[in-house]
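Trainee: The chain contents come next:
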Amino acid sequence: MNEAPERAADAGAARDGFEELRLHRVTRRFHDTTALDGLTLTIRRGEFVALLGPSGCGKSTALNCVAGLLALSGGSIWLDERRIDALRPEERGFGMVFQNYALFPHMSVRRNIAFGLMMRGVARDETRRRVDAALDLVQLRAHAEKLPGQLSGGQQQRVALARAIVIDPPLILMDEPLSNLDAKLRLEMRHEIRRIHRAVHRATIYVTHDQDEALSLADRIVVLQDGRVQQIGTPEDLYARPANLAVARFMGYRNILDIGVERMNGNRASLLGGNVRLEGTAQGSIFGGRATIAVRPEEVVLGASAGNTLSGTVDQVEYCGRDYLVDVVTPVGTLYLRTDRRVSRDETVQLSILPERVLVFPPDSTRGEPSP
Amino acid sequence: MAARTAENNTSAGRTAGFDVAPLLFIPAALVVVGLFLYPFAYGLVLSLTPAKGDMLANYQRFFTDQRLWQTISTTLWIALPATLINVGASIPIAFVMRNPAWYQRALTTLLVVPVTLGTVLVAEGLLTYLGPQGWFNRLLLDLHLVAAPVRLTHNYWGVLLSLVITGFPFAFLLILSYLTGIDPSLARAAATLGARPGAQFRHIYLPLLVPGLAITFCLAFVQAFSVFPSAVLLGAPAGPTRVISIAAYQAAFEDYDYSMASAIAMIMGGVQLIIVAAVLSARGLFYRGPAIGGKA
Numbered sequence: 009m010n011e012a013p014e015r016a017a018d019a020g021a022a023r024d025g026f027e028e029l030r031l032h033r034v035t036r037r038f039h040d041t042t043a044l045d046g047l048t049l050t051i052r053r054g055e056f057v058a059l060l061g062p063s064g065c066g067k068s069t070a071l072n073c074v075a076g077l078l079a080l081s082g083g084s085i086w087l088d089e090r091r092i093d094a095l096r097p098e099e100r101g102f103g104m105v106f107q108n109y110a111l112f113p114h115m116s117v118r119r120n121i122a123f124g125l126m127m128r129g130v131a132r133d134e135t136r137r138r139v140d141a142a143l144d145l146v147q148l149r150a151h152a153e154k155l156p157g158q159l160s161g162g163q164q165q166r167v168a169l170a171r172a173i174v175i176d177p178p179l180i181l182m183d184e185p186l187s188n189l190d191a192k193l194r195l196e197m198r199h200e201i202r203r204i205h206r207a208v209h210r211a212t213i214y215v216t217h218d219q220d221e222a223l224s225l226a227d228r229i230v231v232l233q234d235g236r237v238q239q240i241g242t243p244e245d246l247y248a249r250p251a252n253l254a255v256a257r258f259m260g261y262r263n264i265l266d267i268g269v270e271r272m273n274g275n276r277a278s279l280l281g282g283n284v285r286l287e288g289t290a291q292g293s294i295f296g297g298r299a300t301i302a303v304r305p306e307e308v309v310l311g312a313s314a315g316n317t318l319s320g321t322v323d324q325v326e327y328c329g330r331d332y333l334v335d336v337v338t339p340v341g342t343l344y345l346r347t348d349r350r351v352s353r354d355e356t357v358q359l360s361i362l363p364e365r366v367l368v369f370p371p372d373s374t375r376g377e378p379s380p
Numbered sequence: 531m532a533a534r535t536a537e538n539n540t541s542a543g544r545t546a547g548f549d550v551a552p553l554l555f556i557p558a559a560l561v562v563v564g565l566f567l568y569p570f571a572y573g574l575v576l577s578l579t580p581a582k583g584d585m586l587a588n589y590q591r592f593f594t595d596q597r598l599w600q601t602i603s604t605t606l607w608i609a610l611p612a613t614l615i616n617v618g619a620s621i622p623i624a625f626v627m628r629n630p631a632w633y634q635r636a637l638t639t640l641l642v643v644p645v646t647l648g649t650v651l652v653a654e655g656l657l658t659y660l661g662p663q664g665w666f667n668r669l670l671l672d673l674h675l676v677a678a679p680v681r682l683t684h685n686y687w688g689v690l691l692s693l694v695i696t697g698f699p700f701a702f703l704l705i706l707s708y709l710t711g712i713d714p715s716l717a718r719a720a721a722t723l724g725a726r727p728g729a730q731f732r733h734i735y736l737p738l739l740v741p742g743l744a745i746t747f748c749l750a751f752v753q754a755f756s757v758f759p760s761a762v763l764l765g766a767p768a769g770p771t772r773v774i775s776i777a778a779y780q781a782a783f784e785d786y787d788y789s790m791a792s793a794i795a796m797i798m799g800g801v802q803l804i805i806v807a808a809v810l811s812a813r814g815l816f817y818r819g820p821a822i823g824g825k826a
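Residue numbers (this note's numbering), protein chains in the order written: chain V, 9 to 380; chain E, 531 to 826.
Pulled out of the complex, with its shape left as it was, chain E reads as follows (with noise of 0.2 Å):
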């Protein structure tokens, strides 16, 4: 009787043929559809219908065009780096603040403040902090540690230095709670075992976060791609910085082109699937299970 009613119970749901639990995807279904597909699409058939020519004449003159397919490699040159440099430098970080303690929540709570600051005001500020008059360069002059002040403004160098300084967080906390998901008693068994610090690093830590490192990465990276603020601002838009969303900004309110501008932005989305995809499929190669180390 018992075990009639519980098995009525479980499949109350179904009972009528109909379940209702798919009606719950409805609405996110729809946001992304309204949201994403749609302009996706809607981008997509602009680019393929230019004011002139035929449909991938967009296509065409941007990969004959050295201005513009130069931003291509523009824009990875700045957006690799930054990129590695983000993830890099937070895993060996993290990895020393692995423990729960109270400098982990001082860095963690100071590191959420560029990230809320957002990249216009972190340029400004770096404007002036990081300009030829500006306090680093004062205490370099101040220190006789160089002769004229050092160009960290209007190039390469500042917006990379922007993009560190607004990923780097970002990054860092990604990897710090993928970091500190994996069983500790694993690095103790290593110990015990003989595996100094580093060993179990190398041994332990690293290959449990490699899938994590993959996601950190493309997220960082895609961030990093659609620079467009910083390297007006802190870059030189017009030569080195000269990236692709400028290029896309340029067409579009510029040049009002609408169908060249869609163009672009579908090329710089294709590059960015490109890397993601190259680096998710990489984590294929590597162990993707739970970080734990038994019946926990």
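The shape of chain V in the complex, shown without the other chains (with noise of 0.2 Å):
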């Protein structure tokens, strides 16, 4: 049988990775819905991207894009000088993990993770030491002979990973692949992708919902909603800078209240609500005298100390194990803190915030949209 032509064109492909992926204003429509609208973005050699963002949010259909599975409505992608946008998913040779696996349910362990090998023509000997290699990196060596339907949702996980790496592509795109596990393999899957990621060392696109996934692997985290980038930077650089409330929300700024605003002083702004006096930090340009602040839970500190200070009542107390999680209605509105010390209801506290954990964003009129 002549396999020649069903071999992938992957010589063209760079087989010892790139330099850099770039996306240039990539923009999908489906009808007349704007799914992805310009997304940007370079990504280097080795590095870990995460698209994080709501469901709806466009990470998916930019992943799709990337991989060829989705043709773009508009702009397009480069791998270092070549366009690749035109290119169908089998001449991209990217490996792909997905959401629900997609192992082949009529081949064993070690022909599903051949499969790509095959239709690349390697030679049997190398096949079969390259698979091997792949079993060993995600442990699954025992149960090569078995079907996908014989394993747990974790070991399929794993064939799925194995399958997309051992084709030793240029770059790596996984489309939620933890969502689909328990809570417990979820952490421990999550840690397997970041030692497999430190094995490989290949760039990968890293489609989430979940925060703590983005910021526990990537290098650099993009967010989208609305089919529009919100903010690109570092995990340390969105959860302690967000560009706007969009993100704040999802970096687990979970107060987040209306206030008025006195005076600005630079970048400090002096706010006033109920009648208590708050100092913040301004993110971006606050015009008019009313603006929403976000402050995280851990900030919201029990007992006057530096900073800002003002007293609540405590109103409900979650024990969390390690910690409860505190609601204390005070003049600017109930304010949600974490703490060890134990509190009861109906307790007066003080509490106290650093001015510059206070995030002054501009009012958040449409709640939801993000403020540009």
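Among the clues, some could well be false.
Said to hold, decoys possible - Beyond 12 Å from chain V on every Cβ pair, some chain E residues (computed):
1. Leu-565
2. Gln-590
3. Ile-712
4. Ala-721
5. Phe-758
6. Met-798
7. Gly-819
Stated by the list, open to error - Here are the computed distance ranges between Cβ atoms for each label pair:
8. V:Arg-136 x E:Tyr-633: 43 to 49 Å
9. V:Arg-37 x E:Gly-799: 41 to 47 Å
10. E:Pro-630 x V:Pro-62: 25 to 31 Å
By construction, these hints were calculated from the structure, which means they are not laboratory data.
Yeah, the Cβ is synthetic: ideal placement off N, Cα and C, and Gly gets one too.
Two chains, two separate frames, one set of hints: put the complex together.
Mentor: Structure (structure tokens):
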């Protein structure tokens, strides 16, 4: 049988990775809705980039555009100096891990993993050696001859990873790979993906709606909402300095309150809420007398110490094992805070927040819509 | 307390020592016995009680009279190619049409028409359409593609064509439904691994389609093997298309030998059974699980 015609044209794809994958204003429309609106992003060799956002934000669309499974409505994709957005998926040679794993149900684990090598016409001995190495990498050597249906969800996930990695792709794409696993297994596999990424050191685009996954895995995170990029930055950047309220919400800023602005002094804002004065740090330009502040529960400290202080009444206490999640009604509004000190309902408490940790954004007139 | 109530609920149907669920099986069993098993047994007994000779006299006569035993090969010679054409043509067309689109809906709607028309109407239509004065031959003559009308009626080709026209939609619709049941993300995964559409078909779709193809082949074959109206109307029932059902009809209604007719019907059933059993056991060599790629 002549296998040559079905061999992917991977000779053209950069086998040893690439320096840069550039997405330039990548846009995808479905009928009259724009699922992805002008995504511009550069991914460097070996980098782990997470696309983060709520469902329907365009992150999977972006991934499928890079994989070649969806045609672009606009923009271009470049692998170093080669434009690749018109290539078919089989000509791009990227490894992809699907949300439902998409393992071939009629093939053994070994044949699933060998599939990409078979399509490339790799010799039998080399195929065997590379598949064995991939099986060892995901610790599934003992299950090589089983059918996917005989494996647990976590094992199927590992097969999907091994199948994508064994072809030694310049770029690995993962579409919510952990979303079908239970909480414990998800943590384990997260660890595993980190280990495997360190071992193969290939550029990876990882789509997720879980900020913990993105924070713990990625070198850089792209936050998407309504098809548009909200912020691109390192996990530390996004966590400490969200660019807007949409990102702040996603990064765990649970306290989001409307407040009056008395005076601006550089980026230091003097705020007035109820009858309480607060100092905050402006993120972008604040005009007019109103603003929205975002504070993480961990940044609200029980007891009067440095920075802003205010008093309030405890409304609810949730025990979380390591600490308590407490709702405190203050003149500014209800504040959520985390503390390891035991407090009781209706207790009056003093709170303090550092001015640097009170992020002041332009007023959130249309809740949920990102402010420019 | 709650657990005990739940337990009582689940075993409620059995607490009296009698489960009513099997009773629901009775109507279906009655239908099968009354409409299938009884006539079958009746026919079998009838075939074993010929007017003269011993029990197996009818069967002996069938397998010694060339005009009779040859009907098996005549019928197979029509039914097997027709089935292979119907199933074989359905696979690529269904593959191209596997993604929902307006043309998929349009074609499936269009194909229901010959199914509903019935074999007699199709045979009558073909008789004029394919006849020496029909549109088909007129077209060929006007285009100077042929010098004399092509003979497509009252011979083997007429019967084969009518079996394709009535059998293809049936095979196509069945195969399309099997094909669309295969998780499309499998083909996408194969594509990212370097499989072109042809390789995706060979390595992913075809192996997962085998069980469906076997069933479709069996159903299409049984339908084609019992061909009667088109063999009479479009074929040459005295010679090349003297199929086994014609032999049974002649025994019953021309010779009034119901015993012989029953014996021919039994042999017809036996041949079908052998082919169906062979196809279904070959299916066992292939993967037969769900056609999805992991946790749904």
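Trainee: None of the hints should be skipped; say for each whether it holds.
Mentor: Consistency of the hints with the structure:
Consistency note on Leu-565 of chain E: stated as away from chain V, and its beta-carbon is indeed over 12 Å from all of that chain's, at 38 Å minimum. With a closest Cβ-Cβ approach of about 48 Å to chain V, Gln-590 of chain E is found to remain outside the 12 Å limit, as its non-interface label requires. Ile-712 of chain E, annotated as away from the interface, has a beta carbon of chain V within 12 Å; the closest lies near 9 Å. Distance check for Ala-721 of chain E against chain V: the nearest CB is about 4 Å away, which does not clear 12 Å, and the non-interface claim fails.
Interface exclusion of Phe-758 of chain E from chain V stands, the closest Cβ pair being 39 Å apart, more than 12 Å. No Cβ of chain V approaches the Cβ of Met-798 of chain E within 12 Å, the least distance being about 36 Å, so the stated non-interface status holds. With a closest Cβ-Cβ approach of about 6 Å to chain V, Gly-819 of chain E is found to fall inside the 12 Å limit, against its non-interface label. Taking the beta carbon of each, Arg-136 of chain V and Tyr-633 of chain E are about 44 Å apart, inside 43 to 49 Å as hinted.
Distance hint check: the CB atoms of Arg-37 of chain V and Gly-799 of chain E are about 59 Å apart, inconsistent with the given range 41 to 47 Å. About 27 Å separates the C-beta atoms of Pro-630 of chain E and Pro-62 of chain V, a value consistent with the hinted range of 25 to 31 Å.
In summary, the structure is inconsistent with hints 3, 4, 7 and 9 from the numbered list given earlier, while agreeing with the others.
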